[in-house]
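Trainee: Read off the chains here:
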Amino acid sequence: MIDVKNLYKKFGTNEVLSDISTAVTKGEVVSIIGPSGSGKSTFLRCLNLLETPTSGTIEINGKSLTASKNNIHKIRQQIGMVFQHFHLFPHLTVLENLTYAPMKAKGVKKAVAETKARILLERVGLSEKEEAYPNSLSGGQKQRVAIARALAMEPELMLFDEPTSALDPEMVKEVLDVMKDLAKSGMTMVVVTHEMGFAREVADRVLFLDHGVLVEEGQPAEFFSNPKTERAKDFLDKVL
Amino acid sequence: MNLDFSQIIPYIPFMLEGIWATLKFVFFAIILGAILGTLLALFKIGSIKPLRWFAGAYTSIFRGTPLILQLMIIYYSTPQLTGYDISAFLSAILAFGLNSSAYISEIIRAGIQAVDKGQMEAAQALGVPYRSMMKDIILPQALKNILPALMNEFITLTKESAIVSTIGYLDLMRRAQVVGSDLFRNFEPLLFVGLIYWCMVMGLTMIGRVFERRLKQSD
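Heads up: the sequence lines are chains P and V, in that order.
When you line the first sequence up against our numbering, it's residues 1 to 240, in that order.
When you line the second sequence up against our numbering, it's residues 1001 to 1219, in that order.
Just so you know, the hints here were simulated from the structure itself, not pulled from any lab data.
There could be a bad hint or two in this list.
What the hints assert, rightly or not - Derived lysine to any residue pairs resembling SDA-like cross-links, with alpha carbons at most 25 Å apart: (1) K26/P to I58/P; (2) K1049/V to I58/P; (3) K109/P to K1159/V; (4) K1159/V to S1060/V; (5) K1049/V to Q1119/V; (6) K106/P to Q1124/V; (7) K1216/V to E128/P.
Given the structure is predicted, the values throughout are model-derived calculations rather than measurements.
Starting from the given sequences, assemble the full structure and let the hints guide the process.
Mentor: Laid out in structure tokens, this is it:
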């Protein structure tokens, strides 16, 4: 589903990602972990071209992201993204946040979009909030709305950029629960996270990045109990 | 003190007509300024170099020279250059609209850039086309931030509109001068139209507050 080959990203002379190659298959849940500044978020943002790679190729469902002939809007519609700071549209109600993109980008009829949105809000447990504005929601509620908003586009792939890092501790669980539920439903997910519990429990595979290099990847059980590299061992000692 | 307001009474209808004369071209100038200003702002933040350069040069010229000069150039040189006998009314709309758009474009540009970058990323990530994103997501949020500055610009424009009296357009200001020279008394008619200008600006201020309140709905 995702095929990344020899991905490099430089900001000026600063090399943030260095020769990353990996693939994600359909239905797989991949966690990306690593210290701050290791390039995890940049890597994730390259996957829907919020960052433009300096070199290398990324293919989503066999379509190259970087080839200019492909319509980036169309490809992005298949990729949902959840941000650390939610980025809900503050001037729209919760329901409008969910219906806006399907209506504008895919031309879905309003009534159809609203029905779909209500089902999704129920799924994330926020049915009673559809008329509320984002500023009146708690962090955990905002993030659940953000997940529902991404799902409203019916994506084949979901990217999560530290979805629980900006939340109060007691709200982390409600968001993780939604994500677990999503993983169970067979969604392909790439999750940048500091939640080692989630990575261990839910992910099918863990990628460990450090200084822009993909240092190690493997099954969570294997990776967490028996990391192969010194750097991964070091990192896990500090966070676990 | 030699004040006698009774003398201007016969001239009051004549001066009141000036309200309409002023409002008429100020209204069109604001519309022109807002549309052109928005376009210029989009040029400025866009990625097309020639358009960016054009918007920059445009702002530099219209902000860098006096408004009264721009007005006179448009009114006096259009017939000379093109043979078209431009009316004072049209000259006024053009001069004020073009001038105001330079200021408005700067206000809007700053407003757009002050919108959280994440808003744009979220819209992009959802596959929303650039046009819709600007129109539905970015500009409404920018508008909320810049409304006070925008109202300020409209108020300035309304007051500075008095400059059109210099090209003989019978606006409020010009009418006060006409009455003044008719009566050989200037203070009373000037004070009278001064009061009218103040009322118009108060009206604008009130409209601005209503808008602000409506936009604050989501807070």
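Trainee: Would you check the hint for K106/P and Q1124/V, treating anything up to 25 Å between C-alpha atoms as holding?
Mentor: Distance ~13 Å between K106/P and Q1124/V Cα, so the pair holds.
Trainee: Compare the distance between the alpha carbons of K109/P and K1159/V with 25 Å, and conclude whether the hinted pair is satisfied.
Mentor: Not satisfied, since the Cα-Cα distance of roughly 47 Å exceeds 25 Å.
Trainee: Has the given pair, K1049/V with I58/P, been kept, meaning a C-alpha gap of at most 25 Å?
Mentor: violated, 29 Å
Trainee: Hinted pair, alpha-carbon criterion (25 Å max): K1216/V, E128/P. Please report holds or violated.
Mentor: Cα-Cα ~22 Å, so holds.
Trainee: Would you check the hint for K1049/V and Q1119/V, treating anything up to 25 Å between C-alpha atoms as holding?
Mentor: Answer holds: K1049/V to Q1119/V is near 24 Å, not above 25 Å.
Trainee: Are the Cα atoms of K1159/V and S1060/V separated by 25 Å or less?
Mentor: Status holds; Cα separation ~23 Å.
Trainee: For the pair supplied as a hint, K26/P and I58/P, is the alpha-carbon distance within the 25 Å limit?
Mentor: Holds, at roughly 15 Å.
In this structure, the earlier hints numbered 2 and 3 are contradicted, and the remaining ones agree with it.
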